[in-house]
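Enquirer: Join the two chains into one complex using the hints; note that each chain is given alone, in its own frame.
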Amino acid sequence: MMIKTLLEIVQLMALVLVVLTPFLRLRWLGFTAIFTITAQVVICSVLAFHVFSNGLFEHTYTGTFTTGPIAIRIDYLSAWFILVISFTFLTGAWYGIQYLKKYQGEATLMKIHAAAYIIVYTSLIDICVVQNSIVFLVVWEIMALGSFMLVIFEHYKRETIKAGINFLIQSHVAIVFLTMAFLWVKVKTGSYDFAVITEYTTVYPIFGTGIFLVFFVGFGIKAGFVPFHTWLPVAHPAAPAHISGIMSGVIIKIGIYGILRMLTLVEANFTFLGYFMLFISILTGLYGVMLAIVQHNLKRLLAYHSIENIGIIGIGIGLGCLGIGTTQPWMIVTGFGGALLHTLNHSLFKSLLFFSAGTVYQITHTMNIEALGGLIKKMPRTAILFLTGAVAICGLPPFNGFVSEFMIFTGLYKGLLSNQFGSTIILLFSILALVLIGGLAMICFTKAFGIVFLGTGRSDLPVETNPEKPLHVWPLYAIGFMMLLIGIFPFLFSPYLEKTIGLFRFNTPINAADILAPGMDFLTIIGLYSAILVAMGAILYIVRNSIGSRRNSPDCTWGCGYVGTSTKLQYSASSFVRTYRKLFEAILMIHKKKTMAFGLYPKTIEQTTHAYDKIEYVVIDKPIKMFRGFLNRFVFLQNGNVQYYVLYGFIFISIAILLPLLINRILHVLQILKNI
Amino acid sequence: MVSFILILFTSIFFVGLVIRTKSMMSGRKGPGILQPMKDIIRLWKKGAVYSHTTSIIFQIAPSIYIASILMAILMIPHGNLPGIISFNGDFVMFAYVLALGKFLMIISALDTGSSFEGMGASREALFSMLVEPAFFIIMGSFALFTGHTSFYEIFNALNYGPYITYLLGLLATFVLVFIAMIENSRMPIDDPKTHLELTMIHEVMILDNSGFDLGLILFGTNLKFAMYGALITNFFIGAIPLHISIPMFFGIQFCFAVVVGLIESFMARFRMSHNPQFIFILTSVSLLIFFGVLLVLGKFI
Chain D
1 MMIKTLLEIV QLMALVLVVL TPFLRLRWLG FTAIFTITAQ VVICSVLAFH VFSNGLFEHT
61 YTGTFTTGPI AIRIDYLSAW FILVISFTFL TGAWYGIQYL KKYQGEATLM KIHAAAYIIV
121 YTSLIDICVV QNSIVFLVVW EIMALGSFML VIFEHYKRET IKAGINFLIQ SHVAIVFLTM
181 AFLWVKVKTG SYDFAVITEY TTVYPIFGTG IFLVFFVGFG IKAGFVPFHT WLPVAHPAAP
241 AHISGIMSGV IIKIGIYGIL RMLTLVEANF TFLGYFMLFI SILTGLYGVM LAIVQHNLKR
301 LLAYHSIENI GIIGIGIGLG CLGIGTTQPW MIVTGFGGAL LHTLNHSLFK SLLFFSAGTV
361 YQITHTMNIE ALGGLIKKMP RTAILFLTGA VAICGLPPFN GFVSEFMIFT GLYKGLLSNQ
421 FGSTIILLFS ILALVLIGGL AMICFTKAFG IVFLGTGRSD LPVETNPEKP LHVWPLYAIG
481 FMMLLIGIFP FLFSPYLEKT IGLFRFNTPI NAADILAPGM DFLTIIGLYS AILVAMGAIL
541 YIVRNSIGSR RNSPDCTWGC GYVGTSTKLQ YSASSFVRTY RKLFEAILMI HKKKTMAFGL
601 YPKTIEQTTH AYDKIEYVVI DKPIKMFRGF LNRFVFLQNG NVQYYVLYGF IFISIAILLP
661 LLINRILHVL QILKNI
Chain R
1 MVSFILILFT SIFFVGLVIR TKSMMSGRKG PGILQPMKDI IRLWKKGAVY SHTTSIIFQI
61 APSIYIASIL MAILMIPHGN LPGIISFNGD FVMFAYVLAL GKFLMIISAL DTGSSFEGMG
121 ASREALFSML VEPAFFIIMG SFALFTGHTS FYEIFNALNY GPYITYLLGL LATFVLVFIA
181 MIENSRMPID DPKTHLELTM IHEVMILDNS GFDLGLILFG TNLKFAMYGA LITNFFIGAI
241 PLHISIPMFF GIQFCFAVVV GLIESFMARF RMSHNPQFIF ILTSVSLLIF FGVLLVLGKF
301 I
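Taken in sequence, the protein lines are chains D and R.
Heads up, the first sequence is in our numbering, so the first residue is 1 and it goes up one at a time.
Heads up, the second sequence is in our numbering, so the first residue is 1 and it goes up one at a time.
Just to be clear, a hint being listed does not mean it is correct.
Unchecked claim - Heads up, incomplete: computed chain D residues facing chain R, CB under 10 Å, no partners named:
#	residue
1	Tyr156
2	Ala383
3	Phe421
4	Thr446
5	Val534
6	Cys560
7	Phe650
Treat the hints as calculated values from the structure; they're not laboratory data.
Where is the CB? At the ideal position from N, CA and C, for every residue including glycine.
Just chain R, same shape as in the assembly (with noise of 0.2 Å):
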């Protein structure tokens, strides 16, 4: 329940940090964190725009890919607290809840007859079947380093291991954090500020969702990537009770829209045909991952 708060809350101002760190590093004074939030609630006010060509799925898909979020985040635990749900195996639902979300997007996208929209489905699809089996192996190796198969339990157990733990989780925040930057297709992967449909994945495929739709798909976003930072949290908060665990979840979280920014401002775009090889570094240095921990564990044989 702590956690289900904390990521909403944290989801209002998410983007708008990120937003607000890259207008600084350009120089800027930037809009304040909450203008984000501010143009989606704009957005759930306006009326919208249908194309003939689309169907009903256009009309279901983002109320199911904001479910689809919404029960992902009721799976993170924050600290030894468990999350609303917790069960063995649930980051596999996990995952697939997330997937279950992102196929509707790709079939809407495709509902609406662009080829543009076409294109960022197409991307969209192969990027995030590449990106997942990093995910996967991570959990695997936290799963066998720590002897247990479920969110609460693996962060809870990893808290009192000894300090190569935090080594791990240190490698495993890198993955995570271009996991979160790839799933929510932003710089190295994606520029969703970029002038040229050509060129983009995750925008292009919403090109024609207007009004409270749009709205909810890009609340989606900043959901995913609070998401992500509790998920990252979560190898670092231990047993802490929860007025230091509170502050240090806002801290890190902080840090990561920060490093966010950060890398949005340094970083260019990389050309689509590199994408692939670039996700599959993250497969690789969760495979390190899973080696370190078997040589932890003394396992090699």
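The following block holds chain D by itself, in its conformation from the complex (with noise of 0.2 Å):
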């Protein structure tokens, strides 16, 4: 009963700050949304916690007649995401509310955002625990909105605007798949209870796979997997930093969360699912990351990484479904267990990457990796935490990526033992897929930190002075400690994992607990060598120091004698990436423009790249454009002309009544027919 009243007590809030929202002045609406959120965000924690300790909370609201009774379900799947959830709409709050002191003029926008995050993060708790069909979409309606209200803050820029209406656009359509799916079970059930999915595969487990290939469609759109993830490089960097951390950290991770739901409902054929989910997940990360790193706008770089994260968080769910369809359990469990880990681990670093950038993009005005550079020495702490978010998301150790990255290539190896050929060839390729992705992953980020925080400043922008307050960077700390908490004792984190985990089939007699206890044993292990790393590089760092800098002097960086100071001397971000552009140009597709010197006094040459997504190009752009070319043939219809519209009218009025009336003639001619 407690976890019903807290759970009504959250919506209740939500309500009454929205209600208030138009009233209240704008010093009041910052402490009340932070007041409110944090609130929201504790008591979500409780709940969550409180189901790790005591089980599966179920209730039922008596409901409408249209929606059926209203099944309220939280285990441990839905307390999981509501953890990683809260803790990212938590500092993303607290650093949202400095970032957006910029914007104090614009009341009207403050309290529409402010209304909307809450909005946002209510529905997402929603969206975790309801079980309803119909509610489920009134919900995931709600989500969709209220992110779009989000995303298009500052309205006022044309681009703003476009990337807020494309998002709107593909979340409907994701939304249409799954009202497609839940129908299909609600016609063939005739309940809305999402438990009937299961009732309803077991006896048809060939539906199932079909309808958890529907519902993958709709997820994956928000997910962001390719070929569905078009608008997420578009959206990322239109939004304000907070928004775009907690729309990369969370708002994508719920479709991971519908994808994961539907695993545990749908009864089908998992080892087809496990090869289907490999292999888009391979095909999103490699694709992801390749687009990364020929991208220049630090914001949009940072949400191509998103979608390569997607990948291996699929790669993951895709090994664990191969496990539960060729009953390996170990599979299972590092499967699973790599995928849960790595959407916490993402949103964590991904939060932190995007809020630091967004402080970078609050000093400079501007996310052109090639105008920036050398900010480490203007902003350190921000250029420290940074890095450290850079190394997580590369996987390397000590941090959290690393761990979830071990996790799923331990699974992937066990894999490979089995007995399959199919699988074996599949898993060697997701392994090649994941260290390929862990590669350019380190190629991105090395040329993203490396231009924008070292070397020197590569244009004039004008620096905010104290730029780091102490408010503004501790949501960041924060998060960078919960990163090293995982790197270094990921234990803490496995009983809750191993749980949640419990919940995949195991279609062994085997109880799950015995294989996940000493399965979680290594978690300890690779967390105490990272420690053990850490505690090595930072000794010698201190014997260097002692031995090591005696008789130091400072001088110029050695530029084959030249000893000016040049920022021009510098390696560019385009420049640093060209070998990789070469190799892989055959799979990007980069618009170049280049003007030649030639004469005897050249003026000045120029050279662009623009990099374009060939995914989008095929699967968007060419197919609107023949639409258009489509519909352009009728463009005759539309003439301005009002006598034509009320004839249009008329024989529009006309159809409407005859139809029926042909009808019944034609069916009446037909039964005559059948008679003679």
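Expert: This is the structure:
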């Protein structure tokens, strides 16, 4: 009962805040919003931990005639995601309140923003707990609209509104697919409850696979699986930094939640699903990071990295599915465990990266990597935090990214040892993909960090004084601390992980917990070794400082004897990735403009490269262009003459009236024919 | 523990041996095999020059680089004696720990704001990315072959296997030798002795390092060579008692050093744009090993 009350309080708080917002003065608005979100997060965390210690919570509201009984179920999976969402929303709110100080003049915008923030948080929590199709769709829609409002904060910019509408449309395409899948179940079973999905698919496992695929498209658009990813790199840069962090950190993860939820429910051909998920995820991961490297907008680069990380999570899920299909418990544990942990990890380091990119934006007013440089001297804290995120996202020890990638790697290698040729091959390619993703991510983040924060400034940018106030930075430190905690003490999280993995079907007589407990030991081990690595680095550094630095002298960077300072001598981001770009030219789509120098006194020459998304071109742009071309043939109908429009109206009405009559006639004739 | 001490010991004279081989091949007497180590010790005693442009990253990177290599060495077993660190999937951590060192070296090169070092960093990042799949596939193949997933267990099981393992071991040795050459930026990929910065990879990344830091980085190269040598050794020494396996260890390290010297003497450096193709060969060979293993195990459909 306590949980039910808490859940209702959370909803009520959101409602009260949304109603109050228009009447609050701006000064109070920030305070109230922060207070509300913090209180909501605290309540939700209590709720989630309560579920983790006391087991599944279930409650059914009576509902209405349309919805039927509304089931609320909070199991470990919901609790895990509630915790992930809550942490990022908390840090996002605290960071955002500082970030938005610049926009104090626009009171209406701020009010809408605050209200939308609370609405999105509440609806995300609801999505995790509601298990009734109609209510789920309604909440999902609220979430989609809310996040649309969040994205178009700076609606007066053309780019932003364009990105926002793109996002809105694609969210609704996702909803169409979800509705289709839910209707399928409803028509076949007559109930909106999620539990019937299991009942229905147990009888017809082949439909289970089909239903899952439809769900996958719906949730996959939200999560950003290739080829449904095209909204993501547009929407993230358009939103304010704290919103980008939240979108990338948790809003796209709700798609992953959906996929995992369906996997706990449907009964299907899991081997096939495993192959399918692995294939899509390999594609997603590789494609995401390949495009990330050539981006020159820092936030866009990070957005493409979200796609890559969704790929890694997907590889985990695929591994788990394959484990269910071939009854190998170890693969289920490492696959789903890795996916769940990577979901948490990615929400941490990606929000950290976006928040620190936001700080860079606030100070320099640009996100163009080529224009930045040498920021580590002006904003050392942000630089170190960004570096932390960068190391973690590359999956390097001692941070959290390594733990989850290691977990997936272990599963993949164990899976290799299985006896099926097909699974051996696909797992080999998954290993290959994961390794390549790691290596490519390293290129990408050495570029991002190296060019933005190191060296010297590449252009004259307005730099504001004292950019890093403690209030501004503490949420980032909190995230960094969490990341290190997971990296070095992963076993603190393994009990929760164990319980959550236990939800997935182990079609074995063995008790899930028996496999899980020893399976989690390696988490302790790698945490310990990461700690040893850190200690060794620290000791060596201390030794170096005590021995080496007696006669150190500063000078300028060696430049073949050239001692002047010129920022133009530095390597730029495009030149850093040039060799890579040449190598993968076939996959990338890069528009290049170049003016040549000619004549005795050549004018300024310039070269611009612009990377475009090839899949977006093929899947979105081209069909739309063709569709538009098709529709253009009917443009004569819209000729602006009122008389014609009256005629259309008349034609429409006559058809509307005549059609049933006509059909009746035809049926009648058919009847006669039959009688003959 | 045994392997850790042996590797540290080998690292003292490994590069000296390579240089000695090269000198003899070009008809010179060459320096003593301890000369590179003496140079490093001399560097450790010297003061350093730091660029105004650099930040803390430039200062901590070499230490972490060495720490990462030492950490990786801790995982390498010796015959039937496990490394100090040994657990399931340790080779994944091995590669990732090394990658951490590389990450920091790359950003420390970018920290100097020099275009030479940026160029080196760019190439290092790309080539080390391309070379990683080969290592992971080799370890995957042997994991599949032996049914284990840690360095120690794989090597232990490998040496009790049929004779075909030695053939696979030979192929793997080929790949590992070249991985070592690439990781240490040696001849067919990179020429550390060239006079032109534009054609270097690793050496150009560390142009601005000096004094103690430079010593650390050079020592890192020695350690890495000895580490890969130890890895290769493990393909051939099994449960032999220590008094035979230790001489064998040094024998194989010696051969490895001589081979490196020979390759450096008789091969020219590839054009920079051809390097990726060469590295892809390694991945293909390791895929060959993988399919070989599948064939041996009869897992092909």
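Enquirer: Give a verdict on every hint.
Expert: Hint-by-hint comparison with the structure:
For Tyr156(D), the suggested interface contact is broken, since its CB lies about 37 Å from the closest CB of chain R, more than 10 Å. Given the 10 Å rule on beta carbons, the hint for Ala383(D) holds: about 8 Å separates it from the nearest Cβ of chain R. Satisfaction of the interface hint for Phe421(D) is found here, the shortest Cβ-Cβ separation to chain R being roughly 5 Å, below the 10 Å cut-off. Hint status for Thr446(D): holds, given a least beta-carbon distance of 4 Å to chain R, under 10 Å.
The closest approach between the C-beta of Val534(D) and any C-beta of chain R is roughly 8 Å, which is under the 10 Å cut-off, so the hint is satisfied. Proximity of Cys560(D) to chain R holds as hinted, the smallest CB-CB distance being about 7 Å (cut-off 10 Å). Taking 10 Å as the C-beta cut-off, the interface hint given for Phe650(D) is violated, the closest approach to chain R being about 68 Å.
Hint compliance for this structure: hints 1, 7 are broken, all remaining hints hold.
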